[in-house]
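Kindly generate the complete structure, drawing on both the sequences and the hints.
Numbering of the sequence shown is given in my numbering, commencing with residue 39 and proceeding in unit increments.
It is worth saying that the hints were derived from the structure and are not from the lab. Since the model is a prediction, treat every value here as computed from it, not as a measurement. It cannot be assumed that every hint is accurate.
[As the list claims (entries may be wrong)] Listed next, with one range per pair, are the computed distances between beta-carbon atoms:
#, residue 1, residue 2, range
1, Gln186, Gly100, 36 to 44 Å
2, Ala61, Pro205, 30 to 38 Å
3, Gly100, Glu62, 33 to 41 Å
4, Arg138, Gly260, 21 to 29 Å
5, Glu226, Glu74, 20 to 28 Å
6, Gln186, Glu74, 35 to 43 Å
7, Gly91, Gln186, 14 to 22 Å
8, Gly142, Asp218, 41 to 49 Å
9, Arg189, Gly100, 21 to 29 Å
10, Ala236, Arg189, 17 to 25 Å
11, Pro205, Arg139, 29 to 37 Å
12, Arg230, Ala66, 34 to 42 Å
Don't be surprised by glycine CBs; every beta carbon is placed ideally from N, CA and C.
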Amino acid sequence: ARPAAAWARARAFSGAPPGLHRAEYWDAFYARKAAEGPGEPFDWYVPWAAALGARLERLPRGALVLDVGCGTSAAGDRMRAIGLDVHGVDFSLEAVRYWRRRLGAFRARRRYVSADVRALPFPDGRFHAALDKGCLDAVARGGPGGSQEERARVGAALAELHRVLAPGGLLLSVSSDPPDQRLDLLREGAARGEWRTAWGVCEGGSGVHDTEYFVYELRRVGGERPEPEDGPQGAPHDAPAR
Numbered sequence: 039a040r041p042a043a044a045w046a047r048a049r050a051f052s053g054a055p056p057g058l059h060r061a062e063y064w065d066a067f068y069a070r071k072a073a074e075g076p077g078e079p080f081d082w083y084v085p086w087a088a089a090l091g092a093r094l095e096r097l098p099r100g101a102l103v104l105d106v107g108c109g110t111s112a113a114g115d116r117m118r119a120i121g122l123d124v125h126g127v128d129f130s131l132e133a134v135r136y137w138r139r140r141l142g143a144f145r146a147r148r149r150y151v152s153a154d155v156r157a158l159p160f161p162d163g164r165f166h167a168a169l170d171k172g173c174l175d176a177v178a179r180g181g182p183g184g185s186q187e188e189r190a191r192v193g194a195a196l197a198e199l200h201r202v203l204a205p206g207g208l209l210l211s212v213s214s215d216p217p218d219q220r221l222d223l224l225r226e227g228a229a230r231g232e233w234r235t236a237w238g239v240c241e242g243g244s245g246v247h248d249t250e251y252f253v254y255e256l257r258r259v260g261g262e263r264p265e266p267e268d269g270p271q272g273a274p275h276d277a278p279a280r
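Set out below in structure tokens:
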């Protein structure tokens with residue numbers, strides 16, 4: 039019953055703000071946040087400790103991580119604090135400007151770019167891991183269309199993330215979509231030999247809309263996991279499927 043209720047709440051939320059698929063929506067959103075509290079981070083869905091910290095702390099020090107739909111989340115700072123080499127991408131130029139102010143224009147220009155997750159400006163196999171907190175949800179619910187259109191949009195984003203992850207790379211995706219709605223799409227990729235999948239539940243929201251959230255772990259299948267430049271210092275952990 040709880041997954042169905044979470045799905046209903048998520049769909050009710052998705053119908054409220056128009057234009058989730060448009061950069062203009064997010065530019066206006068982050069401009070408002072900047073006016074409310076300049077320099078303050080804002081996190082969608084769940085805080086770092088709820089689901090992500092323990093998983094990403096298993097990555098080797100110096101691992102390249104892509105923060106997908108990074109917005110102004112504190113996750114980038116938290117990942118840097120544990121020795122990860124973080125790069126961010128967001129549809130919104132306002133979000134990128136936030137990082138330029140926070141990190142300095144030169145440093146942020148090299149590490150934060152504005153782009154669509156379905157057309158990432160990175161070479162194949164660039165990253166050891168990628169983090170998504172709600173970006174795929176926004177892609178799924180953006181614009182007109184029924185379930186087939188949603189699946190096509192998410193499938194295109196997953197294909198692009200698969201391309202930029204190195205073999206063995208990890209994608210962590212936090213979503214309000216319960217497994218009975220999201221896993222079928224993920225398993226389509228797994229059936230083509232692209233991903234191994236697992237999932238878990240993370241309780242509590244960020245205050246945007248209080249609900250139950252799910253974290254999906256996808257491992258890019260094929261080849262050997264790359265090592266960061268400073269050499270191996272451990273490896274990501276494959277969580278058991280639930």
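Outcome of the hint check:
1. Gln186 to Gly100: 36 to 44 Å: 41 Å, holds
2. Ala61 to Pro205: 30 to 38 Å: 32 Å, holds
3. Gly100 to Glu62: 33 to 41 Å: At 37 Å between Cβs, range holds.
4. Arg138 to Gly260: 21 to 29 Å: 36 Å, violated
5. Glu226 to Glu74: 20 to 28 Å: About 40 Å separates the Cβ atoms of glutamate 226 and glutamate 74, which means 20 to 28 Å is violated.
6. Gln186 to Glu74: 35 to 43 Å: Taking Cβ atoms as reference, glutamine 186 and glutamate 74 lie about 38 Å apart, which means the hint holds.
7. Gly91 to Gln186: 14 to 22 Å: 36 Å, violated
8. Gly142 to Asp218: 41 to 49 Å: Since glycine 142 and aspartate 218 have Cβ atoms about 45 Å apart, the given range 41 to 49 Å holds.
9. Arg189 to Gly100: 21 to 29 Å: At roughly 36 Å between Cβ atoms, glycine 100 and arginine 189 fall outside 21 to 29 Å, so the hint is violated.
10. Ala236 to Arg189: 17 to 25 Å: Distance hint for alanine 236, arginine 189 holds at roughly 20 Å.
11. Pro205 to Arg139: 29 to 37 Å: Holds, since proline 205 and arginine 139 (Cβ atoms, about 36 Å apart) stay within the stated range.
12. Arg230 to Ala66: 34 to 42 Å: Holds, at about 38 Å.
Violated hints, listed in ascending order, are 4, 5, 7 and 9; each of the other numbered hints is respected by the structure.
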